[in-house]
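K.L.:
Residue-level listing of the chains:
Number of protein chains: 2
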Amino acid sequence: MSGEAAFIAALRAIATSPAARGLADDAAVLEIGGSRLVLTMDAIVEGVHFLPHDPPDTVAWKLVATNVSDLAAKGARPCGCLLTYPLADDTAWNTAFLAGLQQACEHFVIPLLGGDTVRQPEGSARSFALVALGEPEPNVAVPSRTGASAGDIVWVSNGIGDAGIGLSILRGESGARPADRDALIAAYRRPQPSPDLGVALAPHVSAMMDVSDGLLIDLKRLAAASNLAALIDLDAVPLSQAFVDTVGNDREARLRAASAGDDYCLLLTAPPTAQASLEAAAARCGATLHRVGKLAEGHGLTILFAGEPIAPPPSLGFEH
Amino acid sequence: MSGEAAFIAALRAIATSPAARGLADDAAVLEIGGSRLVLTMDAIVEGVHFLPHDPPDTVAWKLVATNVSDLAAKGARPCGCLLTYPLADDTAWNTAFLAGLQQACEHFVIPLLGGDTVRQPEGSARSFALVALGEPEPNVAVPSRTGASAGDIVWVSNGIGDAGIGLSILRGESGARPADRDALIAAYRRPQPSPDLGVALAPHVSAMMDVSDGLLIDLKRLAAASNLAALIDLDAVPLSQAFVDTVGNDREARLRAASAGDDYCLLLTAPPTAQASLEAAAARCGATLHRVGKLAEGHGLTILFAGEPIAPPPSLGFEH
Numbered sequence: 011m012s013g014e015a016a017f018i019a020a021l022r023a024i025a026t027s028p029a030a031r032g033l034a035d036d037a038a039v040l041e042i043g044g045s046r047l048v049l050t051m052d053a054i055v056e057g058v059h060f061l062p063h064d065p066p067d068t069v070a071w072k073l074v075a076t077n078v079s080d081l082a083a084k085g086a087r088p089c090g091c092l093l094t095y096p097l098a099d100d101t102a103w104n105t106a107f108l109a110g111l112q113q114a115c116e117h118f119v120i121p122l123l124g125g126d127t128v129r130q131p132e133g134s135a136r137s138f139a140l141v142a143l144g145e146p147e148p149n150v151a152v153p154s155r156t157g158a159s160a161g162d163i164v165w166v167s168n169g170i171g172d173a174g175i176g177l178s179i180l181r182g183e184s185g186a187r188p189a190d191r192d193a194l195i196a197a198y199r200r201p202q203p204s205p206d207l208g209v210a211l212a213p214h215v216s217a218m219m220d221v222s223d224g225l226l227i228d229l230k231r232l233a234a235a236s237n238l239a240a241l242i243d244l245d246a247v248p249l250s251q252a253f254v255d256t257v258g259n260d261r262e263a264r265l266r267a268a269s270a271g272d273d274y275c276l277l278l279t280a281p282p283t284a285q286a287s288l289e290a291a292a293a294r295c296g297a298t299l300h301r302v303g304k305l306a307e308g309h310g311l312t313i314l315f316a317g318e319p320i321a322p323p324p325s326l327g328f329e330h
Numbered sequence: 011m012s013g014e015a016a017f018i019a020a021l022r023a024i025a026t027s028p029a030a031r032g033l034a035d036d037a038a039v040l041e042i043g044g045s046r047l048v049l050t051m052d053a054i055v056e057g058v059h060f061l062p063h064d065p066p067d068t069v070a071w072k073l074v075a076t077n078v079s080d081l082a083a084k085g086a087r088p089c090g091c092l093l094t095y096p097l098a099d100d101t102a103w104n105t106a107f108l109a110g111l112q113q114a115c116e117h118f119v120i121p122l123l124g125g126d127t128v129r130q131p132e133g134s135a136r137s138f139a140l141v142a143l144g145e146p147e148p149n150v151a152v153p154s155r156t157g158a159s160a161g162d163i164v165w166v167s168n169g170i171g172d173a174g175i176g177l178s179i180l181r182g183e184s185g186a187r188p189a190d191r192d193a194l195i196a197a198y199r200r201p202q203p204s205p206d207l208g209v210a211l212a213p214h215v216s217a218m219m220d221v222s223d224g225l226l227i228d229l230k231r232l233a234a235a236s237n238l239a240a241l242i243d244l245d246a247v248p249l250s251q252a253f254v255d256t257v258g259n260d261r262e263a264r265l266r267a268a269s270a271g272d273d274y275c276l277l278l279t280a281p282p283t284a285q286a287s288l289e290a291a292a293a294r295c296g297a298t299l300h301r302v303g304k305l306a307e308g309h310g311l312t313i314l315f316a317g318e319p320i321a322p323p324p325s326l327g328f329e330h
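From first to last, the protein sequence lines are chains S and P. In the working numbering, each number is its position in the first sequence, counted from 1, plus 10. In the working numbering, each number is its position in the second sequence, counted from 1, plus 10.
Just so you know, these hints were derived from the structure itself, not from any lab. Treat the numbers as computed from the prediction; the structure is a model and nothing was measured. Built from N, CA and C at the ideal position, the CB exists for glycine as well. A couple of the hints might just be wrong.
Computed footprint of chain P on chain S, listed as stretches where at least three residues anywhere in the stretch have a Cβ under 8 Å from a Cβ of chain P [said to hold, decoys possible]:
#, region
1, 27-33
2, 57-63
3, 105-113
4, 116-128
5, 138-152
6, 157-170
Please work from the sequences and hints to get the whole structure.
P.N.:
Rendered as structure tokens:
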């Protein structure tokens, strides 16, 4: 068991409230009066979740977007956020961060409600925490990772792999044509989760989460949480033209897309009978869903390419 | 204007939701369905808010207690918290922190609902963020800093100055008798806010906040938020026997108590007619309130000692 897994197992022994969902989900669901509130808290750390030279406005965007992505995956509409901000004397950095924060809060319609500014000692990596609150639609269950059944179809919304290549480009490990380069870097720095899409899909799914660490690892986690085996068809993973231009379209390229992190799109399961409802709901939001696999009795993840099972890549995604 | 003041002014321009209370209060108040939720988020950073050698269980306690203190000051009963935890490879530290977290969550009856574990790069100061949620009593206004009127009496609950001396002792700047030493260090490391007391007082106050940065500076802030002048009678500031044993009881000692931070007790105002109700409410919680001053038209803070105004100390408290 990794250090984090052991730590979370110990935390789980403390977090016994049903609202905590056993710390096995992307968010907590608290009953307040007659209403439900979805709560998520994601932090980002310089040098770990963003690069020291990322523009500060994009750091703010990413902080808000990663939290909104969790709300979207729980079918919740954002209703507020609170921020912990490490205040340094770099006024230009602070000002640019605030511009990005305002832009993100407006874009995702998530009011800033409060938070805390703190000093960090010299030499510490900047560390930001955000908590985001959202409201699900009345009478719609808040999707978890645990609700899938054998026979359910696995769907993803767009966006697999682009952010990972964007990060590679920023690290100087990949090249790309200028137009593709901008799109791929934007995918890394400015994730575009859609609460509208999450809210529209929630009534029709059996399980839903966001893809943040890589499609393969996140699907494996969803299947494990539902006590099922997952099968994914690599050929069906949706790739952008920028991705194909830059990395290609073959088995290696597809494995790379499906094991890259930072996608912040939706991964969902539903019985085959829900297909028409899902596609109609996505279309109402101007989105397209892609059928990438299915769930079965058993456990583990099987990856198919050209109809045949293939060996998994050394890493299924980002493990932290 | 300090860097933090300028930053918060800029944040305020973003945080325009009424729930944010203009970022001028200790907490946000969000309407959810027919209910209200009080939200606060306080972070603590190694070397800034706690000492690198503080026992990890007390770091966890302090993180929870400082947030619960804000809920208490808003008359809210804790209903949940989420944690950002910087996970390092120091298993003994992590385990001790979790023991303190569990102890604090049980003591303050605040369920842990979720959060995030993050890696920090080598050499970064540990930085923890907690968001705490609370529910006020139905039909009781959530006290703000802005509601006081001229003529209102200023009250504090116990605990002024002890934590500041505890910090001094830990820094090797003060000595104390062994029994006093333990009590004063415990005041610094294990603040004891009381949501029961905050909930009991809330119906009777015109304004309420917690004392976290120093009684003088916090009273000055409350008065400023209410557009009033404050007068404080130093002789009336309640000092513990441990404080008196260690520092004394004279003007300098009293100024030191009233400008030390980390008290996490309650500072409240109410019209003179509320005295009996306040004292009865406190007594029901086994607490005693101390009448330390009053509010008047005007602005600024006047400090009285032996009935005469005295010059303010160089620092009224912790400014951050």
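K.L.:
Give a verdict on every hint.
P.N.:
How the hints compare with the structure:
no.: 1; hint: 27-33; verdict: holds (count 5)
no.: 2; hint: 57-63; verdict: holds (count 3)
no.: 3; hint: 105-113; verdict: holds (count 4)
no.: 4; hint: 116-128; verdict: holds (count 8)
no.: 5; hint: 138-152; verdict: holds (count 4)
no.: 6; hint: 157-170; verdict: violated (count 0)
In summary, the one numbered hint that this structure violates is 6.
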